[in-house]
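Enquirer: Protein chains in written order, with this note's numbering: chain R, 290 to 526; chain H, 14 to 635.
Note that these hints are calculated values from the structure, not bench results. Errors might be hidden in some of the hints.
Here are the computed distance ranges between Cβ atoms for each label pair [as the list claims (entries may be wrong)]: (1) H:Phe82 <-> R:Trp303: 52 to 60 Å; (2) R:Ser485 <-> H:Val301: 48 to 56 Å; (3) H:Ser516 <-> R:Thr350: 38 to 46 Å; (4) R:Arg471 <-> H:Leu186: 32 to 40 Å; (5) H:Leu618 <-> R:Ala522: 19 to 27 Å; (6) R:Trp303 <-> H:Trp458: 51 to 59 Å.
By construction, the Cβ of each residue, glycine as well, lies at the ideal position given by its N, Cα and C atoms.
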Amino acid sequence: MSEPLLTVDGLQAWYGRAHILDGIALTVGRGEVVALMGRNGAGKTTTLKAIMGLVERRAATLRFDGRDLSALPAHRVARLGVGYVPEDRRIFADLTVEENLEVGRQPPRPGAPAWTPEKLFALFPNLAEMRGRRGTRMSGGEQQMLTLARTLMGNPSLLLLDEPSEGLAPLIVRQMAEAVRRLKAEGLSVLLSEQSLSFASAVADRACVIETGRPRWTGTMAELMADDGVRAAYLAV
Amino acid sequence: MGAKVSTETTRPMSFLLVQALSGLATAATLFLVSSGLTIVFGVTRIVNFAHGSFYMVGAYAGWSLIERFGGSPAGFWGSVAAAALAMGALGAAMEIGLLRRLYRSPELFQLLGTFGVVLVVQDLTAWTWGPEDLLGRRAPGLKGSIDILDQPFPLYDLVLIGLGPLVLGLLWLLFNRTRWGTLVRAATQDREMTSALGVDPARLFTGVLFLGCALAGLGGALQVPREAVTLQMDMAIVVEAFVVVVVGGMGSLTGAFLASLLIGQLQAFGILVFPQITLVLVFLFMAVVLVLRPHGLLGRADEVPPTAPATVTVPLSAGRHAGTWALALLAILAAAPLVAGDYALILLTEVVILALFAASLHLLIGLGGLVSFGHAAWFGLGAYGSALLVKHLGAPMPLALAGAPVLAGLGALVAGWFCVRRSGLYFAMLTLAFAQIAWSITFQWYAVTGGDNGILGVWPPAWAAGKATYYWLTLALCGGTLWLLRRAAFAPFGYALRAGRDSGLRAESVGIDTRRFQWMAFVLAGTAAGLAGGLYAFAKGSVFPTLLAVPQSVDALVMVLMGGIQTVAGPLAGAVVFHLLESEVMSLTDWWRLVLGLIIVALVLVFPRGIVGFLSGIGRRA
Numbered sequence: 290m291s292e293p294l295l296t297v298d299g300l301q302a303w304y305g306r307a308h309i310l311d312g313i314a315l316t317v318g319r320g321e322v323v324a325l326m327g328r329n330g331a332g333k334t335t336t337l338k339a340i341m342g343l344v345e346r347r348a349a350t351l352r353f354d355g356r357d358l359s360a361l362p363a364h365r366v367a368r369l370g371v372g373y374v375p376e377d378r379r380i381f382a383d384l385t386v387e388e389n390l391e392v393g394r395q396p397p398r399p400g401a402p403a404w405t406p407e408k409l410f411a412l413f414p415n416l417a418e419m420r421g422r423r424g425t426r427m428s429g430g431e432q433q434m435l436t437l438a439r440t441l442m443g444n445p446s447l448l449l450l451d452e453p454s455e456g457l458a459p460l461i462v463r464q465m466a467e468a469v470r471r472l473k474a475e476g477l478s479v480l481l482s483e484q485s486l487s488f489a490s491a492v493a494d495r496a497c498v499i500e501t502g503r504p505r506w507t508g509t510m511a512e513l514m515a516d517d518g519v520r521a522a523y524l525a526v
Numbered sequence: 014m015g016a017k018v019s020t021e022t023t024r025p026m027s028f029l030l031v032q033a034l035s036g037l038a039t040a041a042t043l044f045l046v047s048s049g050l051t052i053v054f055g056v057t058r059i060v061n062f063a064h065g066s067f068y069m070v071g072a073y074a075g076w077s078l079i080e081r082f083g084g085s086p087a088g089f090w091g092s093v094a095a096a097a098l099a100m101g102a103l104g105a106a107m108e109i110g111l112l113r114r115l116y117r118s119p120e121l122f123q124l125l126g127t128f129g130v131v132l133v134v135q136d137l138t139a140w141t142w143g144p145e146d147l148l149g150r151r152a153p154g155l156k157g158s159i160d161i162l163d164q165p166f167p168l169y170d171l172v173l174i175g176l177g178p179l180v181l182g183l184l185w186l187l188f189n190r191t192r193w194g195t196l197v198r199a200a201t202q203d204r205e206m207t208s209a210l211g212v213d214p215a216r217l218f219t220g221v222l223f224l225g226c227a228l229a230g231l232g233g234a235l236q237v238p239r240e241a242v243t244l245q246m247d248m249a250i251v252v253e254a255f256v257v258v259v260v261g262g263m264g265s266l267t268g269a270f271l272a273s274l275l276i277g278q279l280q281a282f283g284i285l286v287f288p289q290i291t292l293v294l295v296f297l298f299m300a301v302v303l304v305l306r307p308h309g310l311l312g313r314a315d316e317v318p319p320t321a322p323a324t325v326t327v328p329l330s331a332g333r334h335a336g337t338w339a340l341a342l343l344a345i346l347a348a349a350p351l352v353a354g355d356y357a358l359i360l361l362t363e364v365v366i367l368a369l370f371a372a373s374l375h376l377l378i379g380l381g382g383l384v385s386f387g388h389a390a391w392f393g394l395g396a397y398g399s400a401l402l403v404k405h406l407g408a409p410m411p412l413a414l415a416g417a418p419v420l421a422g423l424g425a426l427v428a429g430w431f432c433v434r435r436s437g438l439y440f441a442m443l444t445l446a447f448a449q450i451a452w453s454i455t456f457q458w459y460a461v462t463g464g465d466n467g468i469l470g471v472w473p474p475a476w477a478a479g480k481a482t483y484y485w486l487t488l489a490l491c492g493g494t495l496w497l498l499r500r501a502a503f504a505p506f507g508y509a510l511r512a513g514r515d516s517g518l519r520a521e522s523v524g525i526d527t528r529r530f531q532w533m534a535f536v537l538a539g540t541a542a543g544l545a546g547g548l549y550a551f552a553k554g555s556v557f558p559t560l561l562a563v564p565q566s567v568d569a570l571v572m573v574l575m576g577g578i579q580t581v582a583g584p585l586a587g588a589v590v591f592h593l594l595e596s597e598v599m600s601l602t603d604w605w606r607l608v609l610g611l612i613i614v615a616l617v618l619v620f621p622r623g624i625v626g627f628l629s630g631i632g633r634r635a
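All chains should be built: construct the whole structure from the sequences, respecting the hints.
Expert: Pasting the structure below:
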């Protein structure tokens, strides 16, 4: 079997003095959608930020596409083809939709779908209608779509999606799930953090469950849905 | 003045028009410089004190180039452009060498670090070009003037007036029509997200510093045909540029343009109406704007500089035997006259006074989290309070000394009301503004303060004239005040202040009126600094406007920083080390600014926790 696209082992991370992650381990295969699951505060967001290099981190293994990420700053990680979509929709509110996309633009890379604004507007028709609009005048769902589209402009081969369904109306959540499936069909690999079982089960192949910064369980999404014990222990609120 | 007034009565319209035009020419220069400052601030969130230094060196470099090549129009404008580009390169070098390490530091370190650069550049400029003012040649082809309603107006100034909007337009195109500009605007809003999208923030920031400093250099080089190139240009322009940027709204280019126009006109007409207080006028204008529109004319609430996480992360600790140590130290100090000679006693007297000055500033910074960049105002007001009482009313020393904290405290009461309305960088800018107001009053109100000549002959009466007696008097007054300040730090007042520092919102929600406590702290700190100033006046026998100037405020900050912010004893240690350095080491060299500047930069880079913090860190590790 070939090496997975992303391999994480023994990942540690800190916020100042607070030790948040303690030995996270997971893999994402090529073309695979993996859901990183856990309760509030389990360390899902920090895991994605640590892979990206946005928090102080150390790892036994942190490999992406045959490259060691553990000493690279965020912009180098991004340029290797890791796309990060934050949970809090950090769009550039003073910039128009088109300018937001321009900030994300990177040259196309082999082995990953190449995006243009036109292709993205086809994927997210709402955005097409407001290309000249500034971020301050967009709804939460539109902002979430723009955040995703902006990251896709970097032509990533792996997408780190942080809580894509959080705080969105049910209709938008369905559009989001549809978008993730389309991206998978285009050949993208996805690691998404999620609290909602229904969203995860709609898009993910496998799940990795963490609690208080440590890995607890990993298996296919179907196994997780069948295992009441694991769900009750680590996910039920 | 008489000539101007008669002109005004005979030809009011044309005169006013020309006056307005010359205000526009001033505004153009002001905009060039402050646009650079505001761009750099917008992206890096650093208020670059050294921005005026690039303006000054730009003028010097421009002068040299224009002397050599400026005979033809192409040579002249080429020289101006070359000077601007050279300043851009220097700015980029400063970003790589210094600023890059300060992005995550508290604003105090950023302001001080860049002020260190100001000092270094001043000495290097004096070393390169000499101390004499330089007069440059006029711009070829633009030497004459044209008549506007029968009033002559320099052609060159007309070109400058056109240059302001031209540069604004070009900058607008750069930021709105190029990828680089889009990336800069994105990084201005969210640095981290921009880097997560694959943009190297370091390269972007280096580029921004290049642009900002090139604009400053351009402004400087363009001054060569208009006015003498001097070593005082840097501080004069940077303080004005601060005002423009704060009035316009920090980070807003259009705001800077608007503010430049307003301030240009204010200066042009202010000099007609209130020739004595033109400097005060500008700062008063800024204070009024900030109270009416807290984020400046075009600034927005969400662009408030994210105040770096509290300067203090280690809790202020009382120390177990602090009282015993303090008493022992006091006893040793009190016994000093038994062994020390006159010179040592003079030095000790000054050290004790400065310790009180530094400790009063520490009350604001350490407890209140309020970084004042104008604390010298209260020190100087105290000194002038004493000196004026002696000079004009013939007051005896005890009365004059009592007047010092009263005058300083009243000044701090008024200024504090404005200043505590804002926090972080705006607070620093406001305190700086008030210090400049106080400074310009002492500097310009010649009849009362003697202006630049200061007030001489402020000596203690016969009974206190002995060095030992005056030393004991100083020790008793400063020691007593220090004890009071320390009591305040560990009293409910101090707790409330620290609560407001660590989380203003949470403090408010448990019923602490944060702003009122900060105001009280401001007045207390000002009063204590005023007493130190009064004692200083009698120790020196004279007072000068420099006592209220920016470098004096920075001295106090350096003392606090040297000692470390986390300890109550820190500022005392800082005052000792600083004053010994100043009087024993820096007096040995003519290049003391260079030495002091390098010390400041090193302090900021190497000892972010100060000397006491550094030592106690070693102690803990051992």
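Enquirer: Between Arg471 of chain R and Leu186 of chain H, does the C-beta distance stay in 32 to 40 Å?
Expert: holds, 38 Å
Enquirer: Quick check: does the Cβ-Cβ distance between Leu618 of chain H and Ala522 of chain R fall within 19 to 27 Å?
Expert: violated, 50 Å
Enquirer: Is it true that Trp303 of chain R and Trp458 of chain H lie within 51 to 59 Å of each other by Cβ?
Expert: holds, 56 Å
Enquirer: Holds or violated: the 48 to 56 Å window for the beta-carbon distance between Ser485 of chain R and Val301 of chain H?
Expert: holds, 53 Å
Enquirer: Phe82 of chain H and Trp303 of chain R, beta-carbon distance inside 52 to 60 Å?
Expert: Hint holds: Cβ distance 56 Å, inside 52 to 60 Å.
Enquirer: Do the beta carbons of Ser516 of chain H and Thr350 of chain R sit within 38 to 46 Å of each other?
Expert: holds, 39 Å
Comparing the model with each numbered hint stated earlier shows that hint 5 is the single one that does not hold.
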